[in-house]
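Protein chains: 4
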Amino acid sequence: MKQLTEAILAQTIRVRPAESHKGTYGRVCLIGGNAQFGGAILMATEASVYSGAGLNTTLTDPSNFVSLHARLPEAMVADFTDQSALSALVTAANTVVIGPGLGTDATSLDILTKVFRLVSSKQTLIIDGSAITLVAKHDLALPSAQLVFTPHQMEWQRLTGIKIADQTDDANETARTQLMNGTVVLKSHQTKIYTPTGSYLNTTGTPAQATGGMGDTLAGMIAGFTAQFTNQTDAILAAVYAHSDIADLLAKRQYVVLPTQIIQQLPSYMYNHQHK
Amino acid sequence: MKQLTEAILAQTIRVRPAESHKGTYGRVCLIGGNAQFGGAILMATEASVYSGAGLNTTLTDPSNFVSLHARLPEAMVADFTDQSALSALVTAANTVVIGPGLGTDATSLDILTKVFRLVSSKQTLIIDGSAITLVAKHDLALPSAQLVFTPHQMEWQRLTGIKIADQTDDANETARTQLMNGTVVLKSHQTKIYTPTGSYLNTTGTPAQATGGMGDTLAGMIAGFTAQFTNQTDAILAAVYAHSDIADLLAKRQYVVLPTQIIQQLPSYMYNHQHK
Amino acid sequence: MKQLTEAILAQTIRVRPAESHKGTYGRVCLIGGNAQFGGAILMATEASVYSGAGLNTTLTDPSNFVSLHARLPEAMVADFTDQSALSALVTAANTVVIGPGLGTDATSLDILTKVFRLVSSKQTLIIDGSAITLVAKHDLALPSAQLVFTPHQMEWQRLTGIKIADQTDDANETARTQLMNGTVVLKSHQTKIYTPTGSYLNTTGTPAQATGGMGDTLAGMIAGFTAQFTNQTDAILAAVYAHSDIADLLAKRQYVVLPTQIIQQLPSYMYNHQHK
Amino acid sequence: MKQLTEAILAQTIRVRPAESHKGTYGRVCLIGGNAQFGGAILMATEASVYSGAGLNTTLTDPSNFVSLHARLPEAMVADFTDQSALSALVTAANTVVIGPGLGTDATSLDILTKVFRLVSSKQTLIIDGSAITLVAKHDLALPSAQLVFTPHQMEWQRLTGIKIADQTDDANETARTQLMNGTVVLKSHQTKIYTPTGSYLNTTGTPAQATGGMGDTLAGMIAGFTAQFTNQTDAILAAVYAHSDIADLLAKRQYVVLPTQIIQQLPSYMYNHQHK
Numbered sequence: 002m003k004q005l006t007e008a009i010l011a012q013t014i015r016v017r018p019a020e021s022h023k024g025t026y027g028r029v030c031l032i033g034g035n036a037q038f039g040g041a042i043l044m045a046t047e048a049s050v051y052s053g054a055g056l057n058t059t060l061t062d063p064s065n066f067v068s069l070h071a072r073l074p075e076a077m078v079a080d081f082t083d084q085s086a087l088s089a090l091v092t093a094a095n096t097v098v099i100g101p102g103l104g105t106d107a108t109s110l111d112i113l114t115k116v117f118r119l120v121s122s123k124q125t126l127i128i129d130g131s132a133i134t135l136v137a138k139h140d141l142a143l144p145s146a147q148l149v150f151t152p153h154q155m156e157w158q159r160l161t162g163i164k165i166a167d168q169t170d171d172a173n174e175t176a177r178t179q180l181m182n183g184t185v186v187l188k189s190h191q192t193k194i195y196t197p198t199g200s201y202l203n204t205t206g207t208p209a210q211a212t213g214g215m216g217d218t219l220a221g222m223i224a225g226f227t228a229q230f231t232n233q234t235d236a237i238l239a240a241v242y243a244h245s246d247i248a249d250l251l252a253k254r255q256y257v258v259l260p261t262q263i264i265q266q267l268p269s270y271m272y273n274h275q276h277k
Numbered sequence: 002m003k004q005l006t007e008a009i010l011a012q013t014i015r016v017r018p019a020e021s022h023k024g025t026y027g028r029v030c031l032i033g034g035n036a037q038f039g040g041a042i043l044m045a046t047e048a049s050v051y052s053g054a055g056l057n058t059t060l061t062d063p064s065n066f067v068s069l070h071a072r073l074p075e076a077m078v079a080d081f082t083d084q085s086a087l088s089a090l091v092t093a094a095n096t097v098v099i100g101p102g103l104g105t106d107a108t109s110l111d112i113l114t115k116v117f118r119l120v121s122s123k124q125t126l127i128i129d130g131s132a133i134t135l136v137a138k139h140d141l142a143l144p145s146a147q148l149v150f151t152p153h154q155m156e157w158q159r160l161t162g163i164k165i166a167d168q169t170d171d172a173n174e175t176a177r178t179q180l181m182n183g184t185v186v187l188k189s190h191q192t193k194i195y196t197p198t199g200s201y202l203n204t205t206g207t208p209a210q211a212t213g214g215m216g217d218t219l220a221g222m223i224a225g226f227t228a229q230f231t232n233q234t235d236a237i238l239a240a241v242y243a244h245s246d247i248a249d250l251l252a253k254r255q256y257v258v259l260p261t262q263i264i265q266q267l268p269s270y271m272y273n274h275q276h277k
Numbered sequence: 002m003k004q005l006t007e008a009i010l011a012q013t014i015r016v017r018p019a020e021s022h023k024g025t026y027g028r029v030c031l032i033g034g035n036a037q038f039g040g041a042i043l044m045a046t047e048a049s050v051y052s053g054a055g056l057n058t059t060l061t062d063p064s065n066f067v068s069l070h071a072r073l074p075e076a077m078v079a080d081f082t083d084q085s086a087l088s089a090l091v092t093a094a095n096t097v098v099i100g101p102g103l104g105t106d107a108t109s110l111d112i113l114t115k116v117f118r119l120v121s122s123k124q125t126l127i128i129d130g131s132a133i134t135l136v137a138k139h140d141l142a143l144p145s146a147q148l149v150f151t152p153h154q155m156e157w158q159r160l161t162g163i164k165i166a167d168q169t170d171d172a173n174e175t176a177r178t179q180l181m182n183g184t185v186v187l188k189s190h191q192t193k194i195y196t197p198t199g200s201y202l203n204t205t206g207t208p209a210q211a212t213g214g215m216g217d218t219l220a221g222m223i224a225g226f227t228a229q230f231t232n233q234t235d236a237i238l239a240a241v242y243a244h245s246d247i248a249d250l251l252a253k254r255q256y257v258v259l260p261t262q263i264i265q266q267l268p269s270y271m272y273n274h275q276h277k
Numbered sequence: 002m003k004q005l006t007e008a009i010l011a012q013t014i015r016v017r018p019a020e021s022h023k024g025t026y027g028r029v030c031l032i033g034g035n036a037q038f039g040g041a042i043l044m045a046t047e048a049s050v051y052s053g054a055g056l057n058t059t060l061t062d063p064s065n066f067v068s069l070h071a072r073l074p075e076a077m078v079a080d081f082t083d084q085s086a087l088s089a090l091v092t093a094a095n096t097v098v099i100g101p102g103l104g105t106d107a108t109s110l111d112i113l114t115k116v117f118r119l120v121s122s123k124q125t126l127i128i129d130g131s132a133i134t135l136v137a138k139h140d141l142a143l144p145s146a147q148l149v150f151t152p153h154q155m156e157w158q159r160l161t162g163i164k165i166a167d168q169t170d171d172a173n174e175t176a177r178t179q180l181m182n183g184t185v186v187l188k189s190h191q192t193k194i195y196t197p198t199g200s201y202l203n204t205t206g207t208p209a210q211a212t213g214g215m216g217d218t219l220a221g222m223i224a225g226f227t228a229q230f231t232n233q234t235d236a237i238l239a240a241v242y243a244h245s246d247i248a249d250l251l252a253k254r255q256y257v258v259l260p261t262q263i264i265q266q267l268p269s270y271m272y273n274h275q276h277k
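Protein chains in written order, with my numbering: chain A, 2 to 277; chain B, 2 to 277; chain C, 2 to 277; chain D, 2 to 277.
The set of hints was computed from the structure by calculation and includes no laboratory data.
Treat the hints with care, since some could be wrong.
Same chains, same names: a pair is fine if it fits in one copy or spans any two.
[What the hints assert, rightly or not] Heads up, simulated BS3-like pairs for lysine-lysine below, C-alpha to C-alpha not over 27 Å straight-line:
1) LYS164 x LYS23
2) LYS253 x LYS138
3) LYS253 x LYS277
4) LYS164 x LYS253
5) LYS23 x LYS193
6) LYS23 x LYS277
7) LYS164 x LYS277
8) LYS253 x LYS23
9) LYS115 x LYS253
10) LYS138 x LYS23
11) LYS123 x LYS193
12) LYS193 x LYS115
13) LYS277 x LYS138
14) LYS138 x LYS3
15) LYS164 x LYS193
Values in this document were obtained by computation on a predicted structure and should not be read as measured data.
With these hints in hand, go ahead and build the complete structure from the sequences.
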């Protein structure tokens, strides 16, 4: 298992080409946020926008439209139960993230299965939070897309049956290959990333960031990075590293680091760590 | 009566252990906010989140969901009249705070009595604002939980029958033991805390903080501190001290200190005053 | 006509007494904000809260509750068509401000006439914006309260029949005494204040503040100042001076000064200019 | 084709006259924002307000009222399907901008055609985003007003039939004169402006600003500038230059520059670049 270092940032975050437009930086579609967990999809969306994804649309419960726009007019919105909007937006996206605050009821399951039918092999699909639980609970067949799972340890247990105490690198890597030819971001106080081309240990991170919404924010950053940067594995690794490294920087003066505080740092952090 | 000093902070605010996750820092359930007083539960929730509680859910009137998420996507929400949500969330919490902006009508009373039935002796229950008035008015039997009352002087009078002019330390301490084996935070320009292990005078505080919402903020901080720190009495004392000490710091350059301004300072203040 | 100077600030903004509570700093009731002009009552309310008024309730169209709380959880809200709430809240207030964004339709008129019936001679009533137009249009009899009118020049013309070109100090003062034994804040690029004890010219102010919402903000500041400070005339004068002086300070680095930017400065500005 | 330089700013942004009021700085009416694209009209409105336009009203889907006021109480709102409000507000405006987030359905088309009937030759009408697509799709006759089109290259192709690769200066200028006697702001990584008195190349701008909402923000700035400054062509040119120059300044420390971050800089930027 290799250790992630700061080098992943400059390797991934390209200097933006002068001749470009918002389409150059990708379309992201973020799906989640039921009436109770709306904050999760707000944080994921903000993370994608502040990472620099060119166009961002949030498919969520309509009760979340106003709070999202009050915080972030830069994102577009649609009702996640509107099949025609879902179909058009998912199909047009470079990266789709599903799960933050999605919930696990029949509506959530219906949306997830529709998304699985809509995505294709050229798209990156990030499966996070409630969506992981739904895949595990209903033993859903996975679609042919560039898959990224972002479970915490309990969600990984649900998905693979491997108990937390038994989640060794070998067991995890074996489970990943059995699950799919994609990437697993296994979140813990030291996050590990299992990819088709190798496994990585993230050495950044602080207990100051052990607070609700941190995972939603990471999912949104992975979305923003994969939408912009060509090498999808590098994009995932750079997002994981950056997310916790920003937390480390803030934790030099804060007892707790809130997800929205990490998001605010993204534009300057990415500026400082882009390709030289 | 002992004087609270800054020492309570370092004694209480532990350095966070490296191997931890959001569950390590407690689950807080905040209940209040009717249609008129929604701001109160927003401030209580923000105070708990910015104190570092790991997971925070606000049970409130649905008309407050959007304003809460527009300010604070980090918290989850549920309808305080949804019995099944109330039951699940209260039962799962380490700390429950009820009262900020709850109101005193039949709905408010119904929610309060349900919470009293749901909590158990291992949980901390903070009874604030309207909930104190309801207990007094309806002479409610108190549940078996680790109780914290946070009355201002008039609410204490309602609860105990002791007129403000007669609220001596002895009278207050006697009333506390008659009421319960818990803690009373008696708020005034010099807040006093009566606990099972002794009484304390808070010497921090400024008239600049004499403004609406200050008590709601304190209730939320006590929730955040008790959810994270083991010694519940110390957690309460540290929250009271910190709340007014931050106000003192801001009052060095502000004529009035708003509750939301205190909340913003919590992450850096707690960093500076954690255990050395 | 005397010129207002900075001396009015230290003369008015008392050092807060140590033994005090939120009630010491007054109850303000702000009434206005229909569906179209909701922003006006939001700015008035924020100005009152940031001035340091102890307790603030906004009576407005319910469609404004969420935007108000998203910005300012410190204020309470009620439906301005709820007669029982209106009656209880107006009666309990030290200062009532009516008019910002109230509109001029039948509902607006109904609310205004109810407020006129509710107020009493010990209360300060600030009549602003649409409420001035309603008084003029319907030739309403004025209630017995400590009245403050805050017209701009066109509203003053509507109220008194004096055309803008004819609004000389003598004509204005004569019109004031005919209208009532109260105060007129006649807003223009050089605001003049006609009071029962003399007339004043405000020398602060900048064209950078010539933007929508500035008057609503001033009305809220007058509310906050009169609720806290004993001498009502001084409170009005100090609010007018401070409002434009803060704008002058911001205009040293801004081409336009927005109302909400003035509001943010109030706590530090009042700290710097309180009684020495 | 002339190159735009910083000189356009001092030439356009006049020192505000001392004797002035909010009416001096123009009335702007901003029309757009359906349920899905509400953020677009929020950003346009914020840009107009922060540019210093005296009075701003946003005609939009009512679902956007709360998010707009939560961000910006300085603006007034009305339902864009309310014919009487539309008529009154458009008629009273100095500058009308239509299009940001308007959508392209039957309601959008109905609003656009009404606006085309309402405007007159003394008003500036900025046609942006969806409104350009509607004009192209339905081959709408243009009204007699001071017209400004703000297409990106694909929208310009829709409007004129000129493919992006064929959009030479000559072809664009010819198309402009065939379309109308107004101005075209053709947005790309190097925006060009075709006016009745000459063509201009904007040399400011950065790939950091290639993100959703940037065009909505520019439309709002053009609205704010044309409402305040006499020479309409100069106002457009100055807005285009300033919009990208602020982005350049922010891009010295940010990897991505968000539209709302540009807006925040307007008051100080305009202060620094006004007429000496």
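message: Regarding LYS23 and LYS193, is the shortest C-alpha distance of 27 Å or less found within a copy, between copies, in both, or in neither?
response: Only across copies: LYS23 and LYS193 sit 18 Å apart there, 32 Å inside one copy, limit 27 Å.
- prompt: Quick one: LYS23 to LYS277, C-alpha cut-off 27 Å, is that within a copy, between copies, both, or neither?
  reply: within (22 Å within a copy, 36 Å between copies)
query: Given identical chains, is LYS253 near LYS277, meaning Cα to Cα at most 27 Å, within a copy, between copies, both, or neither?
result: both (26 Å within a copy, 14 Å between copies)
field: Intra- versus inter-subunit Cα pairing at 27 Å for LYS138 with LYS3
entry: neither (32 Å within a copy, 55 Å between copies)
message: With identical chains, the pair LYS164 and LYS193 could be close in the same copy or across copies; at 27 Å between alpha carbons, which is it: within, between, both, or neither?
response: within (16 Å within a copy, 48 Å between copies)
field: 27 Å Cα threshold - placement of LYS277 relative to LYS164
entry: neither (43 Å within a copy, 36 Å between copies)
message: Within, between, both or neither: how does the pair LYS193, LYS115 come out at a Cα-Cα threshold of 27 Å?
response: Neither. Shortest intra-copy (30 Å) and inter-copy (43 Å) distances fail the 27 Å Cα cut-off.
- prompt: Which holds for LYS115 with LYS253 at a C-alpha limit of 27 Å: within a copy, between copies, both or neither?
  reply: neither (44 Å within a copy, 43 Å between copies)
query: Between copies, within a copy, both or neither: which fits LYS138 and LYS23 at Cα up to 27 Å?
result: For LYS138 and LYS23, the Cα distance is within 27 Å only across copies (23 Å; inside one copy 38 Å).
message: When Cα atoms must be at most 27 Å apart, do LYS123 and LYS193 count as within-copy, between-copy, both, or neither?
response: within (25 Å within a copy, 35 Å between copies)
field: Within, between, both or neither: LYS164, LYS23 at alpha-carbon 27 Å
entry: Intra 43 Å, inter 19 Å, cutoff 27 Å: inter-copy only.
- prompt: How do LYS253 and LYS138 come out at 27 Å by Cα distance, when the copy is not named: within, between, both, or neither?
  reply: neither (40 Å within a copy, 48 Å between copies)
Hint check: violations occur at hints 2, 4, 7, 9, 12, 13, 14; the rest are consistent with the structure.
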